[in-house]
Amino acid sequence: MENIGHGGKEIVERILPRDEAIKKVQELKAKGAKELEVRRQIATEIIDIAYGFFCPLEGFMTKADVESVCKNMRLTDGTVWSIPIVFDVSDEEAEGIKENDEILLTYTGNPLAVFEVSEIFTYDKQEMAQSVYGTTEDKHPGVKRTYAYKDKFLGGKITLLNPPKINPVFEPFFIPPLEMRKRFKEKGWKRIVAHQTRNVPHTGHEWLMKGAWFQTYAELPIDKPYVGVLVNAIIGEKRLGDYIDEAILLAHDMLRKAGYFGEHNHMTSITFWDMRYAGPREAIFHAALRTNLGLTHHMYGRDHAGVGTYYGPYDAHNLLMSVQDDLRITPTFSMNWLYCPHCGEVTYEGLCNHKDEWQKYSGTLIRSIIIDGVKPPRLIMRPEVFDVVMECAEKYGFGSPFVTEEYLQKRTPVFTIEPLE
Amino acid sequence: MAETYPINIWINEERYEKLQQAGLAHMAKEKMAGLKVLAVPTNEEQKDKILKLFPMAKFDSATTKSIELLPREVKDKIFDLIIQKKTVDVIDDFIKTVEEQK
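Residue numbers (my numbering), protein chains in the order written: chain Z, 1 to 421; chain Y, 1001 to 1102.
Hints listed in this document are in silico derivations from the structure and should not be mistaken for laboratory results. Certain hints may be false.
In silico BS3-like pairs for lysine-lysine, Cα to Cα no more than 27 Å straight-line [stated by the list, open to error]:
#, chain 1, residue 1, chain 2, residue 2
1, Z, K29, Z, K9
2, Z, K360, Y, K1049
3, Z, K355, Y, K1086
Using C-beta positions, here's what the derived DEER-type ranges look like [stated by the list, open to error]:
#, chain 1, residue 1, chain 2, residue 2, range
4, Y, E1044, Z, M335, 26 to 36 Å
5, Y, E1030, Z, P419, 56 to 66 Å
6, Y, E1044, Z, D387, 37 to 47 Å
From chain Y, some residues computed to sit far from chain Z (all C-beta separations above 12 Å) [stated by the list, open to error]:
#, residue
7, E1013
8, R1015
9, A1022
10, G1023
11, Q1101
Beta carbons are placed, not taken as given, at the ideal position from N, Cα and C, and that holds for glycine.
Extracted from the complex, chain Y is given alone in its bound form:
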């Protein structure tokens, strides 16, 4: 299976409430001694597109192999798509929306 690189959406109270309301609370995994996170997978091509669309983001190649430092509002949009589609496989849709808005 091809390697995937997650975007970690850390679950604050507001996000957790939305997950619960959508019946998706089980999708959040526990990590780091008590944090909840939604790991949104991206493949190589999606990762590169995300990093190009959001130059402030960083791929942490050394430690976590994840895409970090996306602005909160960007993650909010990805999160809303997850709630809407009830799956974490939303990156193609997300990229399409951003590209259309450009």
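Looking at chain Z on its own, in the form it has when it is part of the complex:
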């Protein structure tokens, strides 16, 4: 029991060996089992469940778990859990499905997983939205997603039949929990701190990571490198104007390749997840996810995973502190890094006292600079990072480092599910 994940549960991959999976598909087809084609979001969550990213979840939530998560931020077994993981179906799709049925889930027409349906239920979506997001306004992207769920939900266990083929660029970065833990051992790291991202890094991000590395290192001896930063990029739904996935990933990796970090203290990886922008509750979810990946610490900056003005800048920190005893990961809290012309350097809000001179910058501001056709100075964005972003624009973004309609239509998918034969 060495691979203990979130909630103190052992991480067990729920993936059938190929031969057994082929037989299982034949068996399901022979008995006329229902087949359901799933959309990308559900496919990625199936993959996450199967590889243990969502440990202790073994499948999609039943009503009791959804209710408990919404009302108490815990699963029915008491494990802290903040966001419902649900499988929604329309009345038409639910037709013919009975509790205890096994159904074959397909993605892009190919077998993906078997779903042991233990419950078919409905849930008040407004209530779900209010509990998770603290609002029922549909301009909140998480609320909008909740309202877009179909009217029924299926709960039950998932077993992956057909592991995804992760496509080039992304392939080396898809490192599931059990494999990730092996890599950390090989590195000799005793502590690893997570950097959550969905952005190309500017130096504010770089210093957030470096600051978190210092915080995490704390009292450990310095004879060998004992602490690593894991950049864990969230790969999911893209919105027009976001950086393209390839640029986010390769730019973060460039920070190490160009020597701002090194092999001894930095790795880049991906997790499939559609951001819910649930702010404090998403921070708790990220803690569970990164615990399962084998991390010991998690960096949280200002307004973690927030959107608009729905959450206070440090609401996530407060919520994390309220459940700290039930988490197996230590949060490291951070204020902003900014440029101070007086100091002539990027510095920390909590250190520098030239407040009237501070020049704050955000990912959004840097995107604007790039849109204007200007190369940011090296103190703000590393030239190697800028160059790889522009290279990605040409190679993967149809000329733009930002998501366009063309990118959405023509990009190479992050993963494919191939025929199972």
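Given the coordinates of chain Z, assemble chain Y onto it according to the supplied hints.
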């Protein structure tokens, strides 16, 4: 004084040349360790109109309190107005032009 929310027009070589030709290079302020920027002020009402006219734009409420992510061609139009009128107070004129074109 009422709060204003800038639209940052970052000055690339082409824009800097135009500013110099118009004798307005002094209007660009140095920021972020060597960048040049024209901060075009908007008031609350103008900010809201701009965000409505250009839904891809974003008000960065958390960090910079500025209007960001306006397409380059939109900023080019604002920039051309600044050159023409020799002032950064051009937002009402700009909004009027856009509304007339709709």
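Checking each numbered hint in turn, tell me which of them this model violates, lowest number first.
1, 3, 7, 8
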